[in-house]
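S.K.: Chains as they are written, first to last, in this note's numbering: chain V, 1 to 257; chain X, 1 to 257; chain A, 1 to 257; chain D, 1 to 257.
Calculated from the structure, these hints are not laboratory results. All clues stand as given, with none of them false.
Listing some non-contacts, in silico: residues in chain X with all C-beta distances to chain V over 12 Å: (1) Thr81; (2) Tyr116; (3) His140; (4) Gln250.
Computed beta-carbon distance windows for the label pairs: (5) A:Asp87 <-> D:Gly123: 54 to 64 Å; (6) X:Gly123 <-> A:Gly257: 47 to 57 Å; (7) A:Gly139 <-> V:Met33: 54 to 64 Å; (8) D:Val32 <-> A:Gly208: 29 to 39 Å; (9) A:Gln63 <-> D:Ala49: 34 to 44 Å; (10) V:Phe37 <-> X:Glu244: 49 to 59 Å.
Built from N, CA and C at the ideal position, the CB exists for glycine as well.
There are 4 protein chains.
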Amino acid sequence: MLSIAVHLDYAVPRPMDILLQLHAARIPEQRVMTENFVLPPYDHVAPVAAQDGIGERVWVRAQERLLVDYTATVEIDRILTPCAQLDATPLHLLPGETVQYLMPSRYCPADRFHDYVESTFAGLEGGALVIAMRDWVQGHLRYVPGSSNSDTTAADSFIMRKGVCRDYAHLLITFARAAGIPARIASVYALGVDPPDFHAVAEIFLSGEWHLVDATGMAKEADMAKIGVGRDAADVAFLTAFGEVSFNAQWVSVERG
Amino acid sequence: MLSIAVHLDYAVPRPMDILLQLHAARIPEQRVMTENFVLPPYDHVAPVAAQDGIGERVWVRAQERLLVDYTATVEIDRILTPCAQLDATPLHLLPGETVQYLMPSRYCPADRFHDYVESTFAGLEGGALVIAMRDWVQGHLRYVPGSSNSDTTAADSFIMRKGVCRDYAHLLITFARAAGIPARIASVYALGVDPPDFHAVAEIFLSGEWHLVDATGMAKEADMAKIGVGRDAADVAFLTAFGEVSFNAQWVSVERG
Amino acid sequence: MLSIAVHLDYAVPRPMDILLQLHAARIPEQRVMTENFVLPPYDHVAPVAAQDGIGERVWVRAQERLLVDYTATVEIDRILTPCAQLDATPLHLLPGETVQYLMPSRYCPADRFHDYVESTFAGLEGGALVIAMRDWVQGHLRYVPGSSNSDTTAADSFIMRKGVCRDYAHLLITFARAAGIPARIASVYALGVDPPDFHAVAEIFLSGEWHLVDATGMAKEADMAKIGVGRDAADVAFLTAFGEVSFNAQWVSVERG
Amino acid sequence: MLSIAVHLDYAVPRPMDILLQLHAARIPEQRVMTENFVLPPYDHVAPVAAQDGIGERVWVRAQERLLVDYTATVEIDRILTPCAQLDATPLHLLPGETVQYLMPSRYCPADRFHDYVESTFAGLEGGALVIAMRDWVQGHLRYVPGSSNSDTTAADSFIMRKGVCRDYAHLLITFARAAGIPARIASVYALGVDPPDFHAVAEIFLSGEWHLVDATGMAKEADMAKIGVGRDAADVAFLTAFGEVSFNAQWVSVERG
Numbered sequence: 001m002l003s004i005a006v007h008l009d010y011a012v013p014r015p016m017d018i019l020l021q022l023h024a025a026r027i028p029e030q031r032v033m034t035e036n037f038v039l040p041p042y043d044h045v046a047p048v049a050a051q052d053g054i055g056e057r058v059w060v061r062a063q064e065r066l067l068v069d070y071t072a073t074v075e076i077d078r079i080l081t082p083c084a085q086l087d088a089t090p091l092h093l094l095p096g097e098t099v100q101y102l103m104p105s106r107y108c109p110a111d112r113f114h115d116y117v118e119s120t121f122a123g124l125e126g127g128a129l130v131i132a133m134r135d136w137v138q139g140h141l142r143y144v145p146g147s148s149n150s151d152t153t154a155a156d157s158f159i160m161r162k163g164v165c166r167d168y169a170h171l172l173i174t175f176a177r178a179a180g181i182p183a184r185i186a187s188v189y190a191l192g193v194d195p196p197d198f199h200a201v202a203e204i205f206l207s208g209e210w211h212l213v214d215a216t217g218m219a220k221e222a223d224m225a226k227i228g229v230g231r232d233a234a235d236v237a238f239l240t241a242f243g244e245v246s247f248n249a250q251w252v253s254v255e256r257g
Numbered sequence: 001m002l003s004i005a006v007h008l009d010y011a012v013p014r015p016m017d018i019l020l021q022l023h024a025a026r027i028p029e030q031r032v033m034t035e036n037f038v039l040p041p042y043d044h045v046a047p048v049a050a051q052d053g054i055g056e057r058v059w060v061r062a063q064e065r066l067l068v069d070y071t072a073t074v075e076i077d078r079i080l081t082p083c084a085q086l087d088a089t090p091l092h093l094l095p096g097e098t099v100q101y102l103m104p105s106r107y108c109p110a111d112r113f114h115d116y117v118e119s120t121f122a123g124l125e126g127g128a129l130v131i132a133m134r135d136w137v138q139g140h141l142r143y144v145p146g147s148s149n150s151d152t153t154a155a156d157s158f159i160m161r162k163g164v165c166r167d168y169a170h171l172l173i174t175f176a177r178a179a180g181i182p183a184r185i186a187s188v189y190a191l192g193v194d195p196p197d198f199h200a201v202a203e204i205f206l207s208g209e210w211h212l213v214d215a216t217g218m219a220k221e222a223d224m225a226k227i228g229v230g231r232d233a234a235d236v237a238f239l240t241a242f243g244e245v246s247f248n249a250q251w252v253s254v255e256r257g
Numbered sequence: 001m002l003s004i005a006v007h008l009d010y011a012v013p014r015p016m017d018i019l020l021q022l023h024a025a026r027i028p029e030q031r032v033m034t035e036n037f038v039l040p041p042y043d044h045v046a047p048v049a050a051q052d053g054i055g056e057r058v059w060v061r062a063q064e065r066l067l068v069d070y071t072a073t074v075e076i077d078r079i080l081t082p083c084a085q086l087d088a089t090p091l092h093l094l095p096g097e098t099v100q101y102l103m104p105s106r107y108c109p110a111d112r113f114h115d116y117v118e119s120t121f122a123g124l125e126g127g128a129l130v131i132a133m134r135d136w137v138q139g140h141l142r143y144v145p146g147s148s149n150s151d152t153t154a155a156d157s158f159i160m161r162k163g164v165c166r167d168y169a170h171l172l173i174t175f176a177r178a179a180g181i182p183a184r185i186a187s188v189y190a191l192g193v194d195p196p197d198f199h200a201v202a203e204i205f206l207s208g209e210w211h212l213v214d215a216t217g218m219a220k221e222a223d224m225a226k227i228g229v230g231r232d233a234a235d236v237a238f239l240t241a242f243g244e245v246s247f248n249a250q251w252v253s254v255e256r257g
Numbered sequence: 001m002l003s004i005a006v007h008l009d010y011a012v013p014r015p016m017d018i019l020l021q022l023h024a025a026r027i028p029e030q031r032v033m034t035e036n037f038v039l040p041p042y043d044h045v046a047p048v049a050a051q052d053g054i055g056e057r058v059w060v061r062a063q064e065r066l067l068v069d070y071t072a073t074v075e076i077d078r079i080l081t082p083c084a085q086l087d088a089t090p091l092h093l094l095p096g097e098t099v100q101y102l103m104p105s106r107y108c109p110a111d112r113f114h115d116y117v118e119s120t121f122a123g124l125e126g127g128a129l130v131i132a133m134r135d136w137v138q139g140h141l142r143y144v145p146g147s148s149n150s151d152t153t154a155a156d157s158f159i160m161r162k163g164v165c166r167d168y169a170h171l172l173i174t175f176a177r178a179a180g181i182p183a184r185i186a187s188v189y190a191l192g193v194d195p196p197d198f199h200a201v202a203e204i205f206l207s208g209e210w211h212l213v214d215a216t217g218m219a220k221e222a223d224m225a226k227i228g229v230g231r232d233a234a235d236v237a238f239l240t241a242f243g244e245v246s247f248n249a250q251w252v253s254v255e256r257g
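Put together the whole structure using the sequences plus the hints.
M.R.: Here it is in structure tokens:
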């Protein structure tokens, strides 16, 4: 069981719409046992279903200050098949809803990596290919806090050879899509992230199901509570402000509960 | 009524999965009266629902040659409210399924255009804002066949000031998203496209519904049959080959039927 | 007369070559009256002529710590013809050494801006054109410290509409080159820069000579002491380390002497 | 001895300045024995010294049609020290005029490749390092005519893993600069280029001198006549038109004379 706590404190200079995505998702593979979500009494709070129906986003009409406290306990019950035992689904048998995750996205220009992926991982398929890609990313990037920003794409990370969790995820996703394997990002709460923060990992479609893969090696799939999924980090930001907010304070805590 | 005919002829050097997206969508706003889709007897043909459940994609396992003939007659019954009469939906009231269309995508880096859009279109809202954006794109880009390629983003078009239909659509979509209005791409068959070809336009979410807007000014919304929608051109290509194919011949014809 | 003082203090984790470019240039338009350049006794200090023979760069073989103190008094004797009275030199009459400043460079991709410049500044030439470009940059960018980094090009600034002095200079240079006018960057010490720091401005070739133009409007051409020139900021950094150094302290002071 | 012939034929819709750079350079390492340069009688033809004083550029004020015939015979007398025997010059001993070739340029964003180069070529220095870089480029890129365009940078080629001669040169130059070795581009006439065309190679500063290195492996350094040098392809285009010209015909022939 994971015990999660989040505190956000941002100044909001003028009334503004803010999209939060930080609830642990209520999905079969994890059970939200307790949950508490506290905001000051704003004008308006509207939860909407998040991407692919996994988790939820909350629209907040904020003013002056955004002050959020979220706590939850989540029991993880994820089937964890070793990646090596998984198969790629032939493209022409892919379900319709996975097709969008073959396409390039803002941070994952997979269309530019076909030749690289084909020559670098020649002869590998399915789970073995994904493991090789994960190991490549883990072995070739350095984890350097502050080395990337909201403009950094997987192409940039591929060149610069450094990044943070989202960059690791983006590059692995880009490689997988370039090889014809659907891949998306998952924002998660995970044990073992140091310093504690929101975490992002890749989710790869193998043997007919989505499988979490953390290219940073920081967290285990069994110790992650999913928040939401998307094409890349643009879709799963914990806070998207439609205007300029300024940071006061923030922390995330994830512990074995 | 639109009478549509498409002919595709590509060489396929080795057995390969190809994704086609060229069927006129069966949706309330248009009625597919007759339709014929002919391929040689390949190993496998699998239709899957396309993005947002609008239209369909077809997986084809092709070999040696991809030879497609598609014909359809489509009756358009689209409610055409003048754009100027439409309102923006406040962000915190947007339905969950539209949220993904606020986000930047491969060809539409809307996150980079906030300041530009805010200062350029200050004081405008809803339909009036979208009209101003459409006019901006139409007035500032030159339509130059061959001036863009599959790597060209809306940022490139904004600088280069030229492009083709997809570039016009991408830039309008980018502007709309940067202003907090959901916007997606629609691939369509349209009367008036010269030379006749697949066409791409923006679709903007106003007054609670999606509205087609053609920034090239080439086609009227009443004369378009939708094929599919997506975040940008990456999602709605009529042909996505997972390998290298070579072009033999292709034509598209759209006439008043 | 300008009274200049610079203090640099960087930690140098391993012996490393560092290129400094911070001496006021000894050129006809400005007279270095007094000058003092103090470093700890390093292994090696080698001055070399800087780009176009304007100013000098100093190679330093540093270890442990780079500690530089530079002071100078400089009398400016620059002929200041109002820009509006200057003419463009026809391209085919340009001296050979100015040709390189027509070409795109790392931060100034002028090749991409031909159409934009041609349509935006139609009908203008020579000094009047340069004034219009300078006013455009000043009017369309916001000066936001921290809004750009060492990867930011003029194309980025054109989209983002914000930046610092180097971004202003880059965009003006890009516009001028795109219009067929040689333009380079000049690093300067200037009165009026707030907070005091190294400053960068454009230098434009008109009426057969180079003319300083500050698109930020912060400093007057009469109050600038040139350090060096180059194609863009890559050429005139005050400190280029061939390895990783870490910042301890730094300040720049420019006063009327 | 090389026997060179070039024919250019372009339509020039309106009077326009055009910069040609196609004369074999008159420099110690090669002797221009005979030379003939024929243009129709235009308004104005002005030769100017090219970059670093190597070769020349010719300004042409053209109208209606640009028709150029150039022939030359050139004896090559280049000292060809095997690259492996050459040493890197320590940075702090580099002559001032080589410093600009350490800097990033339009097509060679060397600043982004430090980490990659450091980890990939660890332990190598001087000529051995350059050979390893050349072999890397030759081994990892595919030569695919038409696969790049005038917007393609070394960063793009590094990702796409294909290109033509200029892309090979750009990537090698980028690697060398990232390792602190001055590197520039040289446009050359070379035996063995198939199909015959202008050719571009890297030139690397080792043991105190510039050395030609062809990462495509198509041509030998002994069989190249230099036209000019520059930071990258932007500086050494054989034709730079300040306006739009349209191609009629062009050929290049290089034979053992």
